[in-house]
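Got chain A; can you put chain B on it based on the hints?
Chains A and B, in that order, are what the protein sequence lines are.
Numbers in the working numbering are just positions in the first sequence, counted from 1, shifted up by 385.
Numbers in the working numbering are just positions in the second sequence, counted from 1, shifted up by 1120.
Keep in mind that a hint or two might mislead.
Anything over 12 Å on all C-beta distances counts as not near chain A; from chain B, calculated [unchecked claim]:
| hint | residue |
| --- | --- |
| 1 | E1157 |
| 2 | E1188 |
| 3 | E1370 |
| 4 | A1377 |
Derived contacts from chain B toward chain A, CB cut-off under 8 Å, selection only [said to hold, decoys possible]:
| hint | residue |
| --- | --- |
| 5 | A1171 |
| 6 | W1204 |
| 7 | S1205 |
| 8 | I1207 |
| 9 | A1210 |
| 10 | G1212 |
| 11 | G1217 |
| 12 | Y1218 |
| 13 | L1241 |
| 14 | P1259 |
| 15 | R1353 |
| 16 | T1355 |
| 17 | R1381 |
| 18 | A1387 |
Covered by chain A, per the in silico footprint, the following chain B stretches (three or more residues, Cβ under 8 Å) [to be verified]:
| hint | stretch |
| --- | --- |
| 19 | 1260 to 1274 |
| 20 | 1315 to 1325 |
None of these hints come from the bench; they were simulated from the model.
The model shown is predicted, which means the values in this text are computed figures rather than measured ones.
Quick reminder that beta carbons are idealized off the backbone N, C-alpha and C, glycines included.
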Amino acid sequence: MRTLPLASCLLLAATPMSFADSGNPTARASGESAGASVEATATLASAGVTVTGAAVVGVTGSTAGVLTGNPDLVENSLDFAAGMAAAPFGPGPLEVTDAIIIADDAPLVPFDADEAP
Amino acid sequence: MRHALAGLPALVLTGFFTLPGAEAGSGALPISPFAIEDTADFSKQIERDLAARGARVALVFRTGRYREDLPDGVRYTHGAFWVWSEIELADGTRTHGYAVHNLYHHADETRVSYLAQDWPLNFTQGDVVGEVGVILPSPEMQRRVWMMLVSETDEALHQPDYSLLSNPHDPRYQNCNEYLLDVIAAAAWETMDREQIKANLTAWFEPAPIRTGLFERLLGPSVDERIRLEDQRGTIRTTTYSALARFMSEHRLSSEAYEIRADFLDARRASLPAG
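One chain only, chain A, in its complex shape (with noise of 0.2 Å):
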């Protein structure tokens, strides 16, 4: 899975994010934004917003089909869940979580929001 070697503990951080063009707005903060990322999810926190860390979960093996003409992507979809290989890609509704996800390696600070100024 890919991941952004400078990843969470900048995700939060209020860096302003001037110039996007394929640029990362991870990828411009220093080390103290770890401080702002702190005070960020202490913000979102206060507000009510749960924030979690998490990742996306690697797809379990299985050897379902794929159906295409390509053989490499044959060759290296082989390894697909099932039930999302077959999944029908319609227009049907899907359920997304209500927390704000940034990334596993987040630092880990804990927040008592009684004690936020």
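Same frame as chain A, now just chain B:
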């Protein structure tokens, strides 16, 4: 004289050619006008919109620059795949949401790109207008692109040599939008041969022209190393949201293309006192 030359590009270059360094030098470095709560809300609003439409894969575009600073016809500066995914939370529980698959250039070596998966909040933190563009691939295209992304087969299509204005008909450079286009093309034609993809795109994909003057052409590469024009001939052309949306619609590779405006913009307006 050196000072005068250094200042010139900031005056004559517009759109993509306007440089953050030049802006910083003039004390007008743009910053995101939004509170992090708003940015987080907007990321969730986009997720819910996509989920309500059953989108397992969508192309989403943001702009990190104000519209008036972009060339005519260009509305967004960065695009990425949003992929509905199973997510393991820090406490071990599993849920669903969107993971974002990007091509980014490095912060220091800006001519070199890498592929990275991050999250909707990362995406909206790079937005300065509160609006994103969306292209929903057709269900079959979603399935094909999803397979490529989850298996990381798309990495074979990644060209690390980055150019801000890469020509999608030429294999030498690639930017974030061209990466999206190449993956879409690979899925459409079911080939991972980038040479073949470029040949097909030359025949079928019409990139957006970027109007530039002689000064801009000459000075662009010298003031922003991300601008490399060796792959351009005649009018500069590159991949944009509009060009991709048109291409996918014309060839029935998409089911919808639309824009999402952040709810908080209207909420803020509504809360203003009357009069």
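Verification of the hints:
no., hint, verdict
1, E1157, "5 Å, violated"
2, E1188, "14 Å, holds"
3, E1370, "21 Å, holds"
4, A1377, "15 Å, holds"
5, A1171, "4 Å, holds"
6, W1204, "5 Å, holds"
7, S1205, "5 Å, holds"
8, I1207, "5 Å, holds"
9, A1210, "4 Å, holds"
10, G1212, "10 Å, violated"
11, G1217, "5 Å, holds"
12, Y1218, "7 Å, holds"
13, L1241, "6 Å, holds"
14, P1259, "4 Å, holds"
15, R1353, "22 Å, violated"
16, T1355, "20 Å, violated"
17, R1381, "18 Å, violated"
18, A1387, "14 Å, violated"
19, 1260 to 1274, "holds (count 11)"
20, 1315 to 1325, "violated (count 0)"
Hint check: violations occur at hints 1, 10, 15, 16, 17, 18 and 20; the rest are consistent with the structure.
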